[in-house]
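**Q** Below, each chain spelled out in residue letters.
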Amino acid sequence: MKSSQPDALGHFGEFGGRYVPETLMAPLEELESAYMAAKDDLAFQAELHGLLLNYAGRPTALYHARRLSETLGGARLYLKREDLLHTGAHKINNCLGQALLARRMGKKRVIAETGAGQHGVATATVCALFGFECVVYMGEEDMRRQRLNVFRMRLLGARVVGVATGSRTLKDAISEAMRDWVTNAGSTHYLLGSALGAHPYPMMVRDFHRVIGVEARAQMLEREHRLPDAIFACVGGGSNAIGIFHPFLDDKKVKLVGVEAGGRGTQPGEHAARFSGGSPGVLQGAYSYLLQNADGQISLTHSVSAGLDYALVGPEHAWLRQQGRAEYSSVTDEQALEAARLLSRTEGIIPALESAHAVAEAIRLAPSAKDQVFLVNLSGRGDKDMDIYRENFVELDAQGTGYAH
Amino acid sequence: MRISAMFDRLKGKRPALVAYLTAGDPSPGRTPALVAALERGGADLIELGVPFSDPVADGPVIQAASERALEAGTTLVKVLEIAGEIRRNSQIPLLLFTYLNPVLKYGVSALARDAVNAGIDGVLLTDLTVEEAGETADLLRKAPLDTVFLAAPTSPPRRLEMLAKRSSGFVYLVSRMGVTGERQSLSDSLAPLVSGMRRVTSLPLVAGFGISTPAQAALVGRMADGVAVGSAIVRLIEQNQNSPGLENKLESFARGLSSALHGVNA
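Protein chains in written order, with this note's numbering: chain L, 404 to 808; chain D, 2 to 267.
To be clear, the hints were calculated from the coordinates, so they are not data collected in a lab. Quantities reported herein were computed from a predicted structural model and do not represent experimental measurements. Do not rely on the hints blindly, as some may be mistaken.
[Stated by the list, open to error] Here are a few chain L residues that face chain D, going by a calculated C-beta distance under 8 Å:
no., residue
1, L412
2, G420
3, R421
4, T426
5, A588
Glycine is no exception: its CB is placed at the ideal position from the N, C-alpha and C atoms.
All chains, full assembly: derive it from the sequences and hints.
**A** If you want it as structure tokens, here you go:
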């Protein structure tokens with residue numbers, strides 16, 4: 404199953420492919436051949452491995468969340484601690500890989516899009532490390548929601564360009580990055596941050612994140628002497644999910660659960676649950692499940708978590724779902740916030756809002772899963788979300804000094 | 002086959018003027034009169050842009066036009082109605098110019114049938130690559146509609162051949178790397194693209210992206226069989242959308258371009 408997908412043109416079954424203006428085909432083909440060569444180059448892989456070890460902080464811990472498990476009284480919950488990586492999320496795995504690739508292609512300028520800002524920060528970080536000029540496109544709405552990450556990128560030397568078109572979120576930032584790339588492809592690498600877009604991105608980004616699942620599988624065997632019964636990961640574009648799922652695809656007994664953003668309701672515009680609310684279509688290079696209206700215009704989306712707030716799901720997830728290999732559910736803003744609070748209070752771990760969606764689904768299913776082992780990909784930490792947590796847990800913020808009464 | 006007939010008629014005389022506008026901008030009701038003005042000014046083929054919410058191949062001018070058209074309630078259904086209305090008074094070739102997703106949602110077979118009934122002559126889908134075109138292009142061709150593909154300065158000979166094979170009516174040459182929009186100077190990447198394409202096809206070649214003035218049109222017209230102007234027209238519409246003089250301005254702008262092309266022997 405793992406070696407056969409995608410095909411030579413980037414198809415995962417009917418999904419994926421390449422749907423871009425002809426002007427982008429040459430840069431995509433250049434990237435694809437550079438990646439295929441790098442993939443089999445031992446020196447490239449060794450350098451990437453070294454950076455993951457000594458710069459990013461791999462391998463990440465597999466942590467048995469005992470107090471949370473006891474509180475829920477069912478499954479034993481393990482967390483794959485991608486939140487402990489440098490820059491605070493799994494995104495750095497892919498950024499290091501693509502930065503090495505950019506250097507190999509002789510590109511001196513790197514552009515990226517970002518939603519929550521985690522990918523933007525990781526991109527700005529690797530650009531500082533490699534000495535690349537860095538431009539990050541970010542929707543103005545997301546810049547407002549994730550102010551701290553905007554500053555962090557600037558401190559790292561990146562130029563953050565606000566995008567004021569459309570919904571002013573991730574999809575508009577991707578469109579703007581594509582427009583930059585088509586104009587400057589000779590000098591510029593587009594460091595796409597999720598398992599989205601035209602081939603080879605979904606495959607390449609997946610490959611750079613497979614290390615998550617490879618490590619987790621070995622760690623789980625060592626600790627529990629068995630594989631987990633179920634794996635939970637949040638799915639925006641779906642890079643952390645595909646990274647942890649992929650090495651388990653042939654372990655048919657391991658249930659794979661992707662968790663989308665249920666937002667604040669099931670009406671169009673109120674969520675980003677592509678599988679329950681969408682249908683197949685084409686956006687920004689790939690054919691996959693898409694939130695769109697009856698005229699084929701892309702719907703607005705909502706999630707409390709900027710990183711899940713996107714209208715198209717990564718194409719390999721659409722294929723895994725069609726094959727029945729993975730299942731997908733959604734979690735509301737409120738459930739994610741509550742899960743974040745519970746994890747914070749029982750384990751001393753404040754998750755990113757994106758990751759809190761995966762935690763919430765595991766929390767929901769754990770009580771009825773006695774003797775089972777759950778593995779949750781804790782893809783990022785919550786520092787960047789503190790403003791949103793404050794807005795939503797006003798009673799905590801209103802406690803004052805705590806000595807007044 | 003209005004598109005081929007038009008190019009046949011102009012062959013050896015002058016290059017064709019291809020005019021783009023976003024249908025439904027500033028309102029669906031206004032488009033037929035704007036197309037008529039362009040035709041009076043000398044446009045030989047109209048590209049009717051169907052607005053899409055996420056136009057990755059377009060620069061700011063056409064992005065803004067798409068937003069205005071969508072806000073005014075323009076849908077693919079409505080654009081077909083507009084085409085039908087244009088067709089009542091005109092035999093000018095009409096090319097639907099859009100992105101793939103609205104067409105997929107409408108249904109390719111249904112669109113092929115309805116577009117022919119509305120008097121549309123061809124379709125250009127900017128994000129439909131030749132690799133993915135198979136079934137979609139076949140259905141459109143059978144309708145019968147011409148299928149026009151984009152060729153880029155960076156397309157290698159192997160791709161030019163694939164693009165030529167999939168195209169009918171004409172091939173659209175992107176004269177420079179980048180998105181749609183007006184540019185000060187012309188790129189020197191067009192000449193090699195024209196000669197590369199001539200080697201693999203006898204179809205007419207239309208060059209576009211970045212062409213906005215009569216002088217630029219004349220220069221490009223010496224190489225190509227047609228010259229496409231888009232953003233400059235759309236910007237004129239944007240600036241004069243509330244003016245009753247819009248149609249006259251469009252007509253005289255088109256006339257300026259068309260006159261420049263009349264001096265060029267194709």
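**Q** Tell me if the interface restraint on L:R421 is satisfied: Cβ within less than 8 Å of some Cβ in chain D.
**A** Holds, because the Cβ-Cβ distance from L:R421 to chain D comes to roughly 5 Å (cut-off 8 Å).
**Q** Under 8 Å is the threshold here; is the Cβ of L:T426 close enough to any Cβ of chain D for the hint to stand?
**A** holds (4 Å)
**Q** Let's test the interface hint: is any C-beta of chain D closer than 8 Å to that of L:G420?
**A** At about 5 Å, which falls below the 8 Å cut-off, the nearest Cβ of chain D leaves the hint on L:G420 intact, so it holds.
**Q** Does the nearest C-beta of chain D fall within a distance shorter than 8 Å of the C-beta of L:L412?
**A** holds (5 Å)
**Q** Holds or violated: is there a CB of chain D closer than 8 Å to the CB of L:A588?
**A** OK, holds: L:A588 within 8 Å of chain D, min 7 Å.
Of the numbered hints listed earlier, not one is contradicted by the structure.
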